[in-house]
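Protein sequences appear in the order of chains U, B, Y and E. Here the first sequence is numbered in the working numbering, starting from 1 and rising by one per residue. Here the second sequence is numbered in the working numbering, starting from 323 and rising by one per residue. Here the third sequence is numbered in the working numbering, starting from 645 and rising by one per residue. Here the fourth sequence is numbered in the working numbering, starting from 1000 and rising by one per residue.
Each hint should be verified, as a subset may be incorrect.
[Said to hold, decoys possible] Here are the computed lysine to aspartate or glutamate pairs in the DMTMM-like style, where the Cα-Cα straight-line distance is at most 20 Å:
id, chain 1, residue 1, chain 2, residue 2
1, U, K318, U, D240
2, U, K250, B, E598
3, B, K599, E, D1035
4, U, K318, B, E545
5, B, K640, B, D525
6, B, K599, E, E1032
7, B, K640, B, E545
8, U, K108, Y, E920
9, U, K108, Y, D654
10, B, K640, B, D603
Think of the hints as simulated: they come from the structure by calculation, not from any bench. Computed from a predicted structure; not experimentally measured.
What follows is the residue order along each chain.
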Amino acid sequence: MAELSIVEAVNDALHVELERDPSVMVVGEDVGRAGGVFRATAGLRDRFGPDRCFDSPLAEAGILGTAVGLCMAGWRPVCEMQYDAFSYPCLDQLITHVGRYRWRTGGKMQFPLVVRMPYGGGVRAPELHDDSPETYYVHTPGVKVAIPSTPADAKGILAAAIRDPDPVVVLEPKLHYRTLKGEVPEGEYVVPLGKARLVREGDDVTLVAYGSMVPVCEAAADELDASVEVLDIRSLKPLDEDALLASAAKTGRVVIVQEAPRTCGFAAELAAILAEKAILDLHGPVLRVTGYDVPYPYWQIEDAYMPSVARVVDAVGKLLEF
Amino acid sequence: MAELSIVEAVNDALHVELERDPSVMVVGEDVGRAGGVFRATAGLRDRFGPDRCFDSPLAEAGILGTAVGLCMAGWRPVCEMQYDAFSYPCLDQLITHVGRYRWRTGGKMQFPLVVRMPYGGGVRAPELHDDSPETYYVHTPGVKVAIPSTPADAKGILAAAIRDPDPVVVLEPKLHYRTLKGEVPEGEYVVPLGKARLVREGDDVTLVAYGSMVPVCEAAADELDASVEVLDIRSLKPLDEDALLASAAKTGRVVIVQEAPRTCGFAAELAAILAEKAILDLHGPVLRVTGYDVPYPYWQIEDAYMPSVARVVDAVGKLLEF
Amino acid sequence: MAQVLPAERDLRRVIGDADGVGDREVEGLGEQELLDLFRSMVLLRTYDERSVVYHRQGRIGTYAIFWNHEAMQAGAAHALEDGDWIFPSYRESAIGLLRGMPPETVLSWWRGHPAGWWNPEDYNLASICVPIATHVPHAAGLAWGKKLKGERACAIVFFGDGATSEGSFHEGANFAAVTRAPLILFCNNNQWAISTPLEAQTRAETLADKAVGYGMPGARVDGTDVLAVYEATREAVDRARSGDGPTFVEAVTYRTAPHATADDPRAYIDQERVEEEKKRECVGRYEGYLRRAGILHDELAASIRSEAVEAMRAGIGAAEAEPPADPGLLFEHAYVDPPASFGSDLDELRRILGG
Amino acid sequence: MAQVLPAERDLRRVIGDADGVGDREVEGLGEQELLDLFRSMVLLRTYDERSVVYHRQGRIGTYAIFWNHEAMQAGAAHALEDGDWIFPSYRESAIGLLRGMPPETVLSWWRGHPAGWWNPEDYNLASICVPIATHVPHAAGLAWGKKLKGERACAIVFFGDGATSEGSFHEGANFAAVTRAPLILFCNNNQWAISTPLEAQTRAETLADKAVGYGMPGARVDGTDVLAVYEATREAVDRARSGDGPTFVEAVTYRTAPHATADDPRAYIDQERVEEEKKRECVGRYEGYLRRAGILHDELAASIRSEAVEAMRAGIGAAEAEPPADPGLLFEHAYVDPPASFGSDLDELRRILGG
Ligand SMILES: Cc1ncc(C[n+]2csc(CCOP(=O)(O)OP(=O)(O)O)c2C)c(N)n1
Ligand SMILES: Cc1ncc(C[n+]2csc(CCOP(=O)(O)OP(=O)(O)O)c2C)c(N)n1
Ligand SMILES: [Mg+2]
Ligand SMILES: [Mg+2]
C-alpha cells in the first residue's frame, strides 16, 4: 500500500479505471494539458490520449449535457467541475436530464456518468471557490451522491462511482486534498456506495459527518472527555440508514456536522430520519453544527463560518448536559 | 372583497404593484402579448406598456441575470419562470449572484427582485411541468422563499415579495391556480413574509404544510376523528419557527407534508428543527409524508406519487397509535 | 464589422410555386423515394390532425401541434440512414413513426402512459425533449461519442427558433464544432416561440447567421419545401460523415396552428397571415409537385391517406387498450440499483392504495 | 453558407511597429489625454507587478495576473464617461484604480478582507465577477435598465476568450441585442483559458464572428495597442449612446504570465512564444509611441512610474493596516432584513469564539 494524499488517490483511481475499462473517459476544463487545476487528472492525457482525457470548452452545462450523449454512445464519462460553485451551471442538465433519462427510457438505457469536483472552504480563496453544494445534488432524484473523507475512500468511492450503472456525483474535500495522507491499496480498489464508515466507536455521543467535517469531528472527539463515536456517512445517497440508526440507538445522543448552509442541508435529512425512526432512542435533542445561512464569506473570516472543533465540542457539551 | 382564483389574485397583485411603484416591471417568456401561459400577467402589457411587461427571449438564466442588472439600474424586476422545472437554468444566477450580490457590495446595494413561478404536479401535463423545486431555492443563502396556498395569500405574499428589499422566490400552486377561489382584499394588500398561517386549531396532532399540500391536509383533517391542527408555513425563509414550535408544544404530534422528493426537502428542515428544539414536547416521532425520491412520473400514475389524503390520514393514524 | 454574405440569405427551394419558379429535381431521389417521402408526410399530417381531435375528445392530454412542420421532419429524416440518431423536441414527437415506431407509442406518450416511453436504441431516436434546447448538447455528445468509437453514425437535433436564445443551444453547438462532431443542428424556424415572434427573440438577420460564430456552415431552406429540406440535410449529412463536422440548417416555416392544444393564439398572431400561410402548407405543396411530375394521382393519394388514417385508428385503439399503469412503476426506472428506501416506500404505498 | 467578410478580419492598429507600419493619430486625443492614458497603463502595470511580489511575500492571496492586458483595460476605460458602468471579471480586478478607487481596496479584495468590497454605485463599477461570463447578463440588464429610464449611461463588460463558450455569455449578448441595450461586450482574447488554447475553445475564425449571430457589429482590434482599443471602444460607445445597441469588441493579446499565481503554465504554453510576445508588450509599445511623438521623455516617464509605485506602497500599507474583520460581518450583509435565526447564531458564535 502506498501513502497517498486525497488528490493523489483520486488520480490513482482515474488511472486504474481508465486502464481497466476502455469506455471510461475524462472530460473537463483543463483536465488534459494541465492535468487539472489540482492535478487530479495529471498524466491521463499522456497515457490515454487527448480523446480520453478531453480539455473541454469552458461550459459546464455543455460538459454535463454532452456527457449524457456520450453515455448514449456507450461511453462512461467522468466529468470534472473545476470548483464546487462552478458546477451550478450544470444543475439544469443534472436535474432535468441526468437524473431522469433512464426513467424516461423505461429503464432501458443506462447513464453511468460521474460528476466529480473539489468542494468546501477553508482554502483562502476568492469567493465561489468554497461552496458545499451537496444538497442540490442529493435532493435530485435519479442521481447518487458520495463524499469521501480519506485517501483510501477517495480512491475506492470514485472507482465505485465510475463502475456504477447510475449517475454519481462525488464531492472531494479540497481542504484536505494535499494535506491529508493515508494508506491507499494499489491497483483496483472499490469501496461500495451505501455503506457508512465507523471512524471510531464510543458510547456517550455520536458525531455524524462526511467529507471535510470528519477530521473536525475526530479532533473534537479527541478533545472531549466523553466516549465519542464518529460516523462517516460518506455515501449520502444511497444512505446507510442502518449505521446511523444503530449508532443513535447505542449512544442516544447525536450531533450532526455539516459545512454547507444549515437550511435543508444534509444534516436536516439525517436529523429528520432520526426524528422519525429513532425518537425512542434519543436521550436529548438532535443537534446540528453547520455553516450559516449566509453567502460563504470573505476568507479572512472564513474560519468563523466553518464548523469548528470548538463549535462541535460546545454542542456535545450541551447535549451531554441535557 | 372580490372572490378570486389564485391566478387572478396574482394578476391583481401585479396590477396593484405596477400601478403603485413605477420601478416595478415584469419580465418573462410570453408574459406580454399572451399575458402568460396561465394568464397571470394578462392585461399588464396593455396597461403598462411592453417595457414594463417585457416578453423576453427564451433564456431563463438570461432573464434572472438581466434582472440583477436591472436592479442595479434601479428597477424592481418581477421575473416569471414559465414552469417550475424550467427555472433550473436560472439556478446558477440565483446561487452565484442573486443570493450574494448584496453581500458582495458590503450591504450597500439592494437587489429587490422577485422570481415567481407556478409549481407542483397533478395537472396531467407532460414531464417537467410538475416539479416542486423549493429546496433548491430555500437552501440558497441570500434569498427568501414563500409559497402561498390561498388566493388572498397569493396576492398578499406576492405584494410583500415585490416590496421586499431582498430577493424573494415565490412558488404558486398551479394545481389550484384556477380551482381554488377565495375572498381577496381589493387594492393594496400585503401579507408579511415570516408569518405562518394557522389554518385550523386542534389538540391531538399538527399537520404542517405549505402551498398545494395545505388543501390535502385540510381534507385529511376533515376525514380524521382526531382534533387536528393545520399550520400553513407559507413563508419558508424567513420561517415562523415560533408558530411551528408552539403548535408542536400544543399537540406533541407532528406530521409534515411536502410534495417535493423526500431527501433534503423542506419537511426535513422542519423535522430537524423539531428534533432540536421540541424534543421534550414530542409524544411520538415526527413523520413526513412526501413525494418520493424518484423523477416526477408519467401523469397516468402521478396521483400515486403525490402525497394524498389517504397517506396523510395513514400517517396520523400511526402517530396517534404510537 | 463581420457580416454575412447577402447571397446566402435566400431560402433554398426545389418545389416550384405559383410565382413562376419551376420545379427542380433532386439527385438520387427516384419515384419510389419521392413517394416514400409523401407517405411520410401524410402519416405525420394524419397523426397531427387526428391528435387534435383525440385531444378534443379527451383521449390524449395536452398536445403540441406540428401542422405545416411535416416537410421539415420528413425531409430531414429521409436524408438520414437508419443508424443515424434523431434528437427530437416535443414538436417532433411523432418523428419516430418514420422509423417504424407504432402510433400507439407516441399517443401513449401524450396520454401520460408509460407505454409511451421507448428505448432510444430501438429506433436510434432519443426521448422527446421537453425543456427547450437542453438536448442540443446530448446530440453533440452522442455524435462525438460515435465518432470517437469510429462508428459511421451521425446525429440530427431538432429545435425551434426560440431555442436559439438558450445557453444550452450555444454550449451544445460549440461543443459540436470543437469536437467536429457529425451533427446536424436543425432549426425549425416557425417564427414563433409560443407568443414571442422571431424579431423579439433575436436581432440576427437570419438564424443561419448563428453558424458563423461556431465556425460551422449555415444553410437556409424553405421549411415547407420537403425536397429542399431533404437536399440541404443530405449535404449536411455528407459533410458530417466525411469528417467535416456539424452544420446548422435553418428551415423556415410558419406556425399556422396554436403552439399546443392549450394555447389560444388569437391574442398575438395575425389570423390573416395564418390563412395566407396555410395556402402554401407543405403537404399540399409537395402533392402538387408530385402530381405535376406525374408521379401521384388521385387513387394513389387516396390510398396513402387511408393507410395513414387506418394506422391512426389502430394506434389510438392500441393506446387505449393499454392496461392502466401500475404505481409500482414509480420506483422502477429511476435507478438500475435503487436505494433500499424504495422497497419500503412501495410497500407502504401499496398498503394505502389497497385500503 | 454564411461567412464573414475577410476584410473585417484584420486587427485594427494605431501604434506603429518595427514591421514598418507607421503611427497614426486618434481624433480627440490631445497630449493631456495621451499622457493620462499612459498614466493609467503604468498604474495598472505597477499594480500588477507589485501584486505578484506581494503574493510571493504572503501579503495577498491567490492573484489573477493581468500583465500585458493593461492596454485593453486602460484603452476601453478611457473611452467611457464616468457615468458609464464597468463590469469587470477577475482579470480586470484593478480597473477601479482608473475610476479613483484606492489600491488598498483592490488589495484588500485579494487579501480576502471585507474592505475589498465596494459599493458599485461609488465608482459605477460592478463587483469583480469570479464565475466566468455570468456577469454578461448583468451588464445587459443594467444597460437596458438605464436606457429604459432615459439615462445617458452605457455599460461595458469584460470577459475572456474562454468565456464565449458559456451559455451566460450567449444569453447576455442576445438579451442586449434584443433590447438594443447600450452595451459594449469587450472580449479580452488572450488566447488562453487557463491551459486551454483558443483553438480548443472554438472553431470560429475570429471571436468577433460571434457578433453576427446576435445581429450586432463586431470589431477586432490589437489588444496590445491602447490607442486602437480606445478608438474601437469609443466608436462602440458612440453607437450605444445613439441608440444603435450593443457592439462586440474582440481585443487580441497574449497571456504571457501564468493564469494566476497558483498556476504553472510551463506544462502547456510554449515559452519561446511567450518571450516573443513579451517583446511587444503593451506598455512598452505605447511608451514608444509617445516618445516618437515627443510627448514623453525620460524624466516624465520616471515620475509617472514612481507616482504609481508610491501609490502601491501606500496602498499595501493601508490594506495591511485594516483592522481584522469581525466575524459578525458573516451575518450582516446577506439581507437587508435578515431572518431571526441570525441573531441567535451570532450570539452563539461569539460565545464560542470568546471562550
Ligand atoms: C427551458 C424551457 N423554458 C420554457 C419552456 C416553455 N416553452 C415550451 S415551448 C416554448 C416555446 C418554444 O419556441 P421554439 O423554440 O420556437 O419552438 P416551437 O415551439 O416554436 O417549435 C416555451 C417557452 C420550456 N419547455 N423549456
Ligand atoms: C463558471 C466558471 N467555470 C470555471 C471557472 C474556473 N476558471 C477560472 S478562470 C478560467 C479560464 C477563463 O478563461 P478566459 O475566459 O479566456 O479568461 P482569462 O482568464 O484568460 O482572462 C476558468 C476555467 C470559473 N471561474 N467559472
Ligand atoms: Mg418556434
Ligand atoms: Mg483567456
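Are the Cα positions of K318(U) and E545(B) separated by 20 Å at most? Distance of about 42 Å is beyond 20 Å: violated.
Under the criterion that the straight-line Cα-Cα distance not exceed 20 Å, is the pair K599(B), E1032(E) satisfied? The given pair, whose Cα atoms are some 66 Å apart, is violated under the 20 Å limit.
Decide if the proposed pair is consistent with the structure: K318(U) and D240(U), CA atoms, cutoff 20 Å inclusive. violated (27 Å)
Is K108(U) within 20 Å of D654(Y), Cα to Cα? Violated, at about 44 Å.
K640(B) and E545(B): Cα distance at most 20 Å? With a Cα-Cα distance of about 15 Å, the restraint between K640(B) and E545(B) holds, given a limit of 20 Å.
Check the hint pairing K599(B) with D1035(E) against an upper bound of 20 Å on the C-alpha distance. violated (63 Å)
Does the structure keep K250(U) and E598(B) at a Cα separation of 20 Å or less? Roughly 19 Å separates the two Cα atoms, so the pair holds.
Pair hint K108(U) and E920(Y), alpha-carbon separation not exceeding 20 Å: Violated, at roughly 45 Å.
Checking one constraint from the list: CA of K640(B) to CA of D603(B), max 20 Å. Satisfied? holds (18 Å)
When you check the alpha-carbon spacing of K640(B) and D525(B), does it fall within 20 Å? Answer holds: K640(B) to D525(B) is near 16 Å, not above 20 Å.
Checked against the numbered hints above, the structure violates hints 1, 3, 4, 6, 8 and 9; every other hint is satisfied.
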